[in-house]
Each structure stands twice: as structure tokens, then as C-alpha cells.
Amino acid sequence: KTVKLKGVNRHETNPEHGKVVTREQMEAEVKLMKRANINHVRNSHYPEPAYWYYLCDKYGIYLEDEANIESHEYYYGKESLSHVPEWKNAHVARNIEMVHSTINHPAVVIWSLGNEAGPGDNFVAAYQAIKKIDTSRPVQYERNNTIVDMGSNQYPSIDWVRGAVKGTYKLKYPFHISEYSHSMGNAVGNLIDYWEAIESTNFFMGGAIWDWIDQAMYYYDKKTGERFLAYGGDFGDKPNDGTFVNNGLIFADMKPKPQYFEVKKVYQNAGVKAVDIQQGKIELFNKNYFKDLSDYQVQWSLYKDGVEVKNSAGTISAADLPTARQRKQLILPINYAQLDAGSEYFVKVQFILNTDRPWAAKGFVQMEEQLFVKAAENKPLISAVAQGGAPSLSKEGDLQVVKGDQFIAKFDNKTGSIYNLTYAGKQVIRDGEGPKLDALRAPVDNDNWAYQQWFEKGLHNLKHKVLSSNSYTKKDGTVVLAFTVESQAPYGASLLGGTSGTYTLKEHTDKPFGKDDFKFTSNQIWTIYKDGSIELSSSITSNNASVVLARLGYALQLPTEYGNYSYYGRGPINNYADRKTAQFIELHKSTVKDQFVPWPNPQNMSNNEDVRWTALTNNAGQGVVFIAKEHLSTSALDYSELELTFAPHPYQLPKSSGVHVHLDAAVTGLGGNSCGQGPPLEKDRVKAVPTAIGFIIRPIQNNDMIAKAQVATAGDAPISLARSSNGEVSIQSGNKNETVLYSLNNAKASVYKAPFDLRAGGTVTAWYQQNEKLKVTQQYTKIETIPMEVVFASSQETGEGDAKNLLDGDPSSIWHTMYSFTVAQYPHWVDFDAGSSKTIKGFTFLPRQDGPNGDIKDYKIQVSKDGKNWEDVMSGSFERNKKLKTVRFEKPVKGRYIRFTGLNSQRGDDYASGAEFAVIAE
7 KTVKLKGVNR HETNPEHGKV VTREQMEAEV KLMKRANINH VRNSHYPEPA YWYYLCDKYG
67 IYLEDEANIE SHEYYYGKES LSHVPEWKNA HVARNIEMVH STINHPAVVI WSLGNEAGPG
127 DNFVAAYQAI KKIDTSRPVQ YERNNTIVDM GSNQYPSIDW VRGAVKGTYK LKYPFHISEY
187 SHSMGNAVGN LIDYWEAIES TNFFMGGAIW DWIDQAMYYY DKKTGERFLA YGGDFGDKPN
247 DGTFVNNGLI FADMKPKPQY FEVKKVYQNA GVKAVDIQQG KIELFNKNYF KDLSDYQVQW
307 SLYKDGVEVK NSAGTISAAD LPTARQRKQL ILPINYAQLD AGSEYFVKVQ FILNTDRPWA
367 AKGFVQMEEQ LFVKAAENKP LISAVAQGGA PSLSKEGDLQ VVKGDQFIAK FDNKTGSIYN
427 LTYAGKQVIR DGEGPKLDAL RAPVDNDNWA YQQWFEKGLH NLKHKVLSSN SYTKKDGTVV
487 LAFTVESQAP YGASLLGGTS GTYTLKEHTD KPFGKDDFKF TSNQIWTIYK DGSIELSSSI
547 TSNNASVVLA RLGYALQLPT EYGNYSYYGR GPINNYADRK TAQFIELHKS TVKDQFVPWP
607 NPQNMSNNED VRWTALTNNA GQGVVFIAKE HLSTSALDYS ELELTFAPHP YQLPKSSGVH
667 VHLDAAVTGL GGNSCGQGPP LEKDRVKAVP TAIGFIIRPI QNNDMIAKAQ VATAGDAPIS
727 LARSSNGEVS IQSGNKNETV LYSLNNAKAS VYKAPFDLRA GGTVTAWYQQ NEKLKVTQQY
787 TKIETIPMEV VFASSQETGE GDAKNLLDGD PSSIWHTMYS FTVAQYPHWV DFDAGSSKTI
847 KGFTFLPRQD GPNGDIKDYK IQVSKDGKNW EDVMSGSFER NKKLKTVRFE KPVKGRYIRF
907 TGLNSQRGDD YASGAEFAVI AE
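Numbering-wise, the sequence shown is residues 7 to 928 according to this note's numbering.
Simulated from the structure, these hints should not be mistaken for lab results. The beta carbon of each residue, even a glycine, is placed where N, CA and C say it ideally should be.
DSS-like, lysine-lysine: derived pairs with alpha carbons at most 25 Å apart:
1. Lys-334 - Lys-279
2. Lys-863 - Lys-512
3. Lys-871 - Lys-897
4. Lys-138 - Lys-7
5. Lys-409 - Lys-432
6. Lys-471 - Lys-788
7. Lys-810 - Lys-891
8. Lys-293 - Lys-64
9. Lys-847 - Lys-863
10. Lys-779 - Lys-754
11. Lys-354 - Lys-334
12. Lys-64 - Lys-25
13. Lys-900 - Lys-847
14. Lys-316 - Lys-279
15. Lys-401 - Lys-781
16. Lys-595 - Lys-316
17. Lys-599 - Lys-432
18. Lys-481 - Lys-401
19. Lys-481 - Lys-635
20. Lys-471 - Lys-693
21. Lys-293 - Lys-172
22. Lys-742 - Lys-779
23. Lys-7 - Lys-64
24. Lys-742 - Lys-385
25. Lys-863 - Lys-517
Derived CB-CB ranges, DEER-like:
26. Lys-471 - Gln-412: 25 to 35 Å
27. Lys-334 - Phe-378: 17 to 27 Å
28. Ile-198 - Asn-887: 36 to 46 Å
29. Ala-96 - Gln-305: 49 to 59 Å
30. Gly-231 - Lys-37: 29 to 39 Å
31. Ser-883 - Asp-140: 51 to 61 Å
32. Ile-109 - Thr-8: 16 to 26 Å
33. Asp-872 - Glu-744: 50 to 60 Å
Construct all of the structure, not just a fragment, from the sequences and the given hints.
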């Protein structure tokens, strides 16, 4: 019968006993799988002990049994052992021994000839030998689909799967993705995107995540004797795979990782969606192919502002549950008209085991879904709620001091941020630890496509400098401080270490940044209300909107006593833009210490998406609450991102200096680039584009964060200036319906109506007609690069490495010469058309940022008037690094067409690649 295989790859491993796994551990693993709706295991890459098959028969796990054949290091060429006749009997024997051993186990549904061992005739012989014994099961062999019964591949991209399920490619069906969603470190982004495609057709039967459990081993620090989970290199072993052994959905000690819960949600066999939520109408979908939902009691409950509403829950009748592959609509008794206008509502539907099962007790929530009901409307403005005497504004050296009845807030005129903050005599922000713009995270294992450019652009070392400021007191006594702040590092750096788990930083102090190097400009308006509530409204721009960031927002630090962590957003498990479907928007209470995830090599963690407010308090119920203007991504940890980066293991982290809080407009997703899948999807990447962010800081005295959070922002929002790569300046107003005036190079003011051209450079000043005090100014240099289009490429990997990516302004997309069907040899070239004859002065070239494959060493530049007859301009060599290369010719040349030719690569291979190419011209 048709069935979806929702699986994992499984190695046998134990942190104490190595490859020896007890029966008790095997059974515990199966139970964990069943709780996570996993119904399929690929035995990778060898047959397992007999007891494993017994357990899978008993619990109901579909197995792909795989022969112990892998000759990975011989790859797929003529050297592969799969071609060598002397190895034919070994290939056949290992497959036949497997089949004879497990043919009578009903759990085995697929035979696999082996893994990554070449395409030769020895596997044809193995396939034929199996078919003489068993014709009841299909045979699979990854990638070599022509010699077996079904299609398969490993680590396809999301886009490839989306195309494959629509019949875009010539594939053998049914199709099984034998390895995907590489679970290395903080990972498994975009799993829902895979499964939305897989569930759209029966021709795709599913896949197996790589992999189930980390292969870390217990080891002891030789100085302290402390035990820790070790990985490659910790034992002095060379060569080693470093952290590449930590690819599981669960840790080596069998504790689930955050991604385990995403798998549980995405793999669940029931779907729930809203049809007409105002009428209470929802739809249930039984995804099973031959099983009903009688094992579950299905309950629903209504949530208001993150808290379950009393007496607003119920049980869905068994008669209303759909049978296999059926959908049913039903009405929940929700009186929409009586819901509070100022509150937000959700419905949660849960499928709860109604009897004890072998893997979980009665009452276990096997599946669940959350449905949005309505948004909060017309929350009271903070300006109307904040009560007290009018605060005073004074100066104290480089500080501006705002003092009220129960608070003192000091602002730094050098950085444009809160210098310190005291509520009711208790300091909640210490000197210099207030919110500052931040765009870095400790690299997760999947960040290998991007993290190097974060450090090369100095995001780890941003220095904040006020360019202009203003301050005044409004008629109602509210104090307003406005700052324009430039955030730039003094120089860049390189992060060294790869997958070793141990990073070192090489600072490029010999190459100081100039005015054209990467930087942010933020226009910040701080509004301080009578009760000490402080509102920040900030517009952030950069001088390169195409740069992919780890995050974009503000970071601050609180004293360690504020270790109780509550928030209204997605949780309770860490989540990201592309791994959040399992985490519901509710009120969650935790501690800062419990936000720590014990990755064997520390990396970014603790993030929560779609946060409405977040609070940190001490044990007396005192602290602060941060209330989002829109939604924020937030986190709170005992360690900074750099401390996480440079600690090879958790026990090597320093003693906490405070609670590190991040309040972000957005955080880049996780993706799956540690192996195969690729970076996060475009929609899940944060770029240095104009971004608005706002939040309110309010004091908490008696754990009253819920009441304090029921307010809306009321302060002025700043004006934002931004110039596109083609020279157009746009002005964005944070205050709706207000007229914006601007002047160019101090000329007469005009009303802003539409973007205007400023390729030539100049100074733009903008302000609200009703409030000239909130004036912003930005200087722009002349743009020397010109618009072009690609007209020819000697070689390109279509779909993933198109030459047009050299002109898209996105450093994360690349041109790459073909590798899938054939590998062309150097030279490799790309022809560009400037549209008309130009006076060309030079060019810029940015190597790919995610790896060394195809990095060009020697190059040649030619120009042409007609695209046929070419004139040599210059040849040269690039330094072997990831920095932007700027090359200026000895004298300008004229031409319409430009040819960029790579003559060889830095590593000596035949590939060529690049991220960005631009021509400097008049």
C-alpha cells in the first residue's frame, strides 16, 4: 500500500561503549522515534544486530536494510571498486548475506545495495543476486537509479525537490531521499518546505534525515577531570572529522536536540487548518493511508494573549474524526464577537493518546497544531498609560541624564545609547551595557556559507559613533533624544578553524577600514515617559544592502541576578525563521540558564521568533520587560556570541558576566549548508536593507510583566534614507501621514514624493514638516560602477551557479562552472554588456564566500565594441582570500562589452566561481 516514509539514518553508537549498543538503548531509541512520529529508519551503512529488527517489527518501523558496502574515498570514477572484477564477489556476498539474514522481518521494506560506493557493474550483479532470492521488496542504491527499482538521491536542495515533485526532471519513481536535512549542530532548517513538496504527490515516498544520534564520545579534561562529549581531534587523533560526527537529531547521551521537536511536528500524521475561524470552522486531515485516528482523544483550547482561557476548551467527537486520507470540517464553539478587542487569540488542537502505548503513556500529546484567531487591536498607547511627574533633562559630561520620580536614565552622547538605567533605586543596566546595534551570532555549523564575511566586515567588533544628535522636552513632559549613529568596525578579521570546533580570530589590523567599507547608519529616537518607560524607534540602513547578516537588531546586557526569563512568543524550544512550526505563540516561563543548549561545540542558540514581549526578572519579581512595536526575535543567555564562538566545548565557557539579551528585527534561518542542502531560503535570510525596529523598556516590580506589556508604542519614528545600487535615493517615513521635506546639498527644500537619482553623490537632509527637530542627514559618494547584463558564459551550473548571479548584488549567490554532467577545463570566461560604449577604469570582483571551490587565481580582462573582436586590457593575479578585489587600469579604455576570464584556480582544480563582478566606468 502507499505510505509515506518519515525517516532517519541511524548509526550504532554510544558515548561510553562506542559501537556497542545495549538492547535497552535500542528500545529507548525506538520509543524516542515513535514519540517524534518517525516511522522509518535507513540502517546506515550496514546491517544491524538481530534485536534491532525484532524491535522494529514490534513497534512498527519501516526499515531500509543496507549492505555493508562503502568505498567513499574511491568516489565515482574509473577507480571505484564497483568497476573492479576482483571485487564483484565481495559486493554480491555482502548483499546476499544481508538478505538471507533479515528477509523474514516484516519491518524490512527496502533493500539497499550500499552507500556512496560507485556506479559499476558489481552493483548490477548484486542487484541481480538479490532478485533471485526476493522479488517482494524494491531495491535502492543512492544516485545510481538506473540499475535498481526506485529513484533516490542525497541532500537535494529545496528548489530541486519542488521541481521534482512536479515532474520537472526525468526520475525513476517511487522516489526516496536517502539522506537529507543534515542535522549538524543547531540545524534542520526548512524541513517543512521539504515536506510541503513531498506531501503534494504520491510519487515521492519520503526520506531519511542525516542522522539520528550524535557520534560523540565521553572524554575527560586532563587538568580538571571534567567529563565532556568529545569529537574528532579531542583525543589527539589525526586526521579527524572534527565536529562532523555530531549530526544527530538527539545528542550522544540521547537527550533530544531542539530540531527533534520540529521533526515531530513536520512528520505528524494529522493536519489542522482554519477554514473560517470567525465562525469557528476548521478542517482536520488524516494523513495516514490506511489507519484511522481512533488512538487519539482530540482536544481544543482557546488562548488569550498567550494564556489558556478558562472554560474555553472542548473535545472533538470521535465521529467527527476523518478516516484514512480523508478531510472533515467541523465547528468549534467560539463566540468571535465576544472576544476582547485589545487581546490576541489562538486555538490549539491536540491529538492525545487515549490509551497507554508501548512508546508513551496515555495522555501523551502525539500531534498538535495552533491556529491564529484574531489580532489585538487598539491597545492603550504608552503615552496615555505612563503616569508620574515630568522628568528632568540635564547634562553630565558626555552623558544626558533623564531623571523621574522612580528612575534615572543616562544616555551616552558618544554612542547614542543608554549608558545606565536605574529603576526604584536598583540598577538594571550597568555602565556602557545598554542596547547597541548588533548583527553577529556565534556561527552554527550550517553558517559555513556566510560566517566568514561577517567577520571580514567586522560585525564582531562594531564601534558606534554619534554623527548628530538633538534633545528636547515635549509639552506633556516627555523627553525625546534623537541620535544619528554610525556603526563600523576599525578593521575586519578572518575566523579560522573550519569544522574543527576550535576557532581563532585573525584581526586584519594592517588594513583599517575606510569610509567606503561596510557600515551601518541608524537614526534612533529615544522617548522617555513619566514613569520611566523608554521607547526606542530606530531605522537602520547600510552602505551595502546585499550583505547577508546573522541578525539585525540590538544587544544589551543585564546583571546576572535577572535570570528569570518570560516571554510571549514562539516556544518553549529554541526556534528560527525556518524551524519554528513546532513552537507555538504562547506565554512561556523559563530561566536564562535553561535557555542554554549543550551543543558539544557551542554555537548560537536560545532564539525565539514572533515575540510580542520578553521579560527578565530577579527572584524578587523586579526587572524589565521589552515590548515589541511589531514582533521581535529575542534571546537571553549567560554568554556573549563571541564567548560561544571561541569555546570548543561547553565546560570551557567563561564564568558569566551578565545576561546577554538580543532584541532583533530578524534573525537569519538555519538552512542546511553543512552538507548538501544549501543555505537558508532567500525569505529566511536577513540582509542589510533598510530596517525599522522599535520596542519599549518598562520597569517590573512584582512580576507584573503581563499587565505592563499591554501597551502600544506612541513615540515619533525616525526618517530613513537609503540609496540603491543603481543610485536611487529613497526616503521612508516612520510617522504615517506626515509630510517629509528634503534638500540636496543644502539647496531649497522640496516635498518628498518619489525616489530620486543620486549616482553623482551628494548630501541629503530630510525632516518632518511638522517637526524640524527630527532632522537626518546622509552623505553619499559617487557611484562608479555601471549597470550590465551577462550575455555569455563559457560554462555555468544551471540553476545553482548561473553567471547572472555575478550581477545580482547578493554575495551569497554564485557563478560556478558546470560540475553535474561534465567538468570543463580552464580558461573559463563570462561576457558582459554595458548597453553602450563606456569609458572603463577598472573592475571589482568578489570571490564566493561559502567555500574555496573554484576560487580564481590568475585572470584576464578584455573589452570589445561589438562583442566579437576582443582587445586585451590587462592580466593579473588575485590574493588568496575572500576580500573584495578592486583593480584599476593604468589608463581608461573604451568599450561596450567586457570579458572576464579566469585562467586557473587557487587550488589547481578545474572549477571557476565568483560571487560578484562590477565594472568601474564613467
